[in-house]
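Chemist: Protein chains in written order, with the numbering used here: chain A, 1 to 275; chain B, 1 to 296.
Don't read these hints as lab results, they were simulated from the structure. None of these values were measured; they are calculated from a predicted model. For every residue, glycine included, the Cβ atom is placed at its ideal position computed from N, Cα and C. Do not rely on the hints blindly, as some may be mistaken.
Unchecked claim - Partial list, derived from the structure: chain B residues whose beta carbon lies under 7 Å from chain A:
1. Ser135
2. Arg158
3. Gly174
4. Thr219
5. Arg221
6. Met225
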Amino acid sequence: MTSLDGGPQPASVHEAPGLAVRDLGVGYGGAEVVRCPRLDAEPGRITAIVGPNGGGKSTLLKGIIGLLTPSRGTALLDGRPVAEQLRAVAFMPQRAALDWDFPAQVRDVVAMGRYPHRGLRRRTREDHEIIARSLEEVGLADLATHPIRHLSGGQQQRLLLARALAQQGRAVLLDEPLDGVDLTSEQLILDLLGRAAQRGTVIVLVHHDLTTVRQVAHHVVVISGTVVAAGPPSRALSPGVIEQAYTGASSRSQPHASPAPEASEPAARTPGVPR
Amino acid sequence: MTELFVDPLVGYGFVRTGLAAALIVGVVSAVLSCLLVVRHQALMGDAISHAVLLGVVLGYLVMGRPGILPGALVVALLSGAAMTYLERHTSIKLDAVMGIVFTFAFALGLAIMSAVEPRGIDLFHVLFGNLLGVSSVDLVVTAVSGALVLAVIAVGFRAFELWSFDPQMARAVGMRVTGFEYLFTGLLSATIVASLQAVGIVLVIAMLITPGAAALLLTSRLRSMMLLAVAIGLAASLSGFYASFHLDVASGPAIVIAVSLLFALALAVAPLRRRGLARRAAEPVAAADEVDAPAR
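Taking the hints into account, I'd like the entire structure generated from these sequences.
Modeler: Below, the structure is given as structure tokens:
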């Protein structure tokens with residue numbers, strides 16, 4: 001298989017630590033929405049999945065953790081199928097996917113992060129310590145006993161992040177974690193993700209704001225039906241790649257698997273791609 | 001006081017049986033109502049309970065009066081499973097699926113009843129309940145199925161909580177969500193059948209929605225919501241039962257009117273949610289309308 005990584009990034013070998021997606025096809029009811037020939041998310045760095053709407057970013061994420069059954073391919077974590085170690089992967093869903101009128105306090109939701117480990121059994125002292133620490137990390141310790149229906153958008157995202165952290169997984173996959181949050185929450189979330197990455201956690205996030213992605217991601221995968229480009233932000237988000245990804249999205253019958261053009265290449269102004 | 005509340009119980013065994021059945025129904029359906037309300041599936045109880053009429057009729061025709069509850073349970077489970085299956089495997093959404101399945105089973109039950117005219121079934125009692133007709137066998141069935149339902153929910157509380165709030169995470173961490181949905185449908189069916197005698201298949205709908213909805217107005221945790229709903233269900237069953245006895249009103253309507261009044265009370269004392277400005281404003285105006293602006 002041709003590596004789309006190339007260049008300054010060391011090409012991952014199959015047994016490399018971290019998340020390795022190989023030839024994964026994911027879709028709904030038999031129709032493949034996205035095909036990912038290769039995606040490598042190494043521990044210690046933040047991997048961002050970007051791309052146009054309908055390009056299959058969230059679908060790919062759901063395929064990796066098995067919320068959607070892949071039609072082909074595999075997702076490996078440290079060389080073993082993700083499906084065999086689900087508790088090691090924390091998933092942070094889109095905020096809008098949840099009912100915030102649900103009768104739960106802030107602490108209750110974070111405690112759900114311990115479910116994969118504890119199941120129906122009684123929570124231990126360690127669980128409670130982890131829950132408390134996660135709440136503190138996201139700055140919600142003061143609101144621990146508040147009903148979640150009173151939270152702002154930014155607080156909701158921080159709460160979901162706290163739950164993901166409390167799971168203490170090897171990998172954290174986040175679907176639009178910065179959607180609808182204020183700047184303070186955004187900075188806090190990004191700081192926490194950076195620190196988690198430094199501790200050796202695999203961080204994969206889907207995000208739509210390329211400016212933010214340039215600032216925080218170490219590795220970027222551009223998805224538009226397939227992998228359009230992958231690499232460090234400076235290369236993967238070159239104007240040429242962006243033009244290709246964001247204009248190609250409307251006619252996805254044409255695959256865009258060719259490697260990215262050079263960043264220096266002048267890109268023509270394209271409708272739908274504001275500059 | 002004693003002549004109002006104690007004498008009826010001392011005098012007649014069937015009154016004691018009826019009261020016990022009413023209380024069991026009040027507790028079990030209240031717990032279920034919490035899960036139905038927070039899962040936005042309030043009308044699932046409606047659907048299964050209507051379908052149960054078919055089971056009542058078929059069970060009676062096959063085995064006579066003792067066949068009513070088993071027949072009801074089998075049809076409740078089958079119709080619940082059919083709804084869950086159709087929802088999962090077709091593009092038709094749950095509300096439409098429920099409408100199709102329950103009207104068919106209800107119609108079939110009514111058709112058979114009108115053709116055969118079984119002497120042992122009083123349609124009015126099946127639809128609206130007859131607490132004073134609860135036999136001791138019925139009471140045992142009600143108690144056993146109610147205890148089973150409560151035990152499953154108590155043991156699996158954490159799983160039910162996670163599954164209700166975030167089914168995606170439940171699935172992502174390896175919970176067998178499909179099996180869980182069938183299990184839940186089974187619990188619901190058992191509860192409806194247990195409630196058959198007390199409130200009837202039409203009015204059990206209220207017991208499967210109203211206690212939980214009233215409790216949700218007053219609490220912010222699923223556990224306390226369930227406890228409060230149980231208190232509301234018990235109060236409704238108790239007051240409805242005595243009203244039925246003394247005012248000679250059918251037991252089902254009496255209990256449902258009582259639970260509705262308790263809901264109104266909860267509404268009156270609950271802090272009405274202010275449409276929080278902070279929360280609304282924080283929501284993206286059009287998250288789907290994102291346009292990426294690459295910085296140059």
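Chemist: All hints, please: hold or fail.
Modeler: Hint-by-hint comparison with the structure:
1. Ser135: violated (36 Å)
2. Arg158: Nearest chain A Cβ about 5 Å off; hint holds.
3. Gly174: holds (4 Å)
4. Thr219: This hint holds: Thr219(B) lies near chain A, its Cβ roughly 6 Å from the closest one there, short of 7 Å.
5. Arg221: holds (6 Å)
6. Met225: holds (5 Å)
Hint violations for this structure: number 1 only, all remaining hints satisfied.
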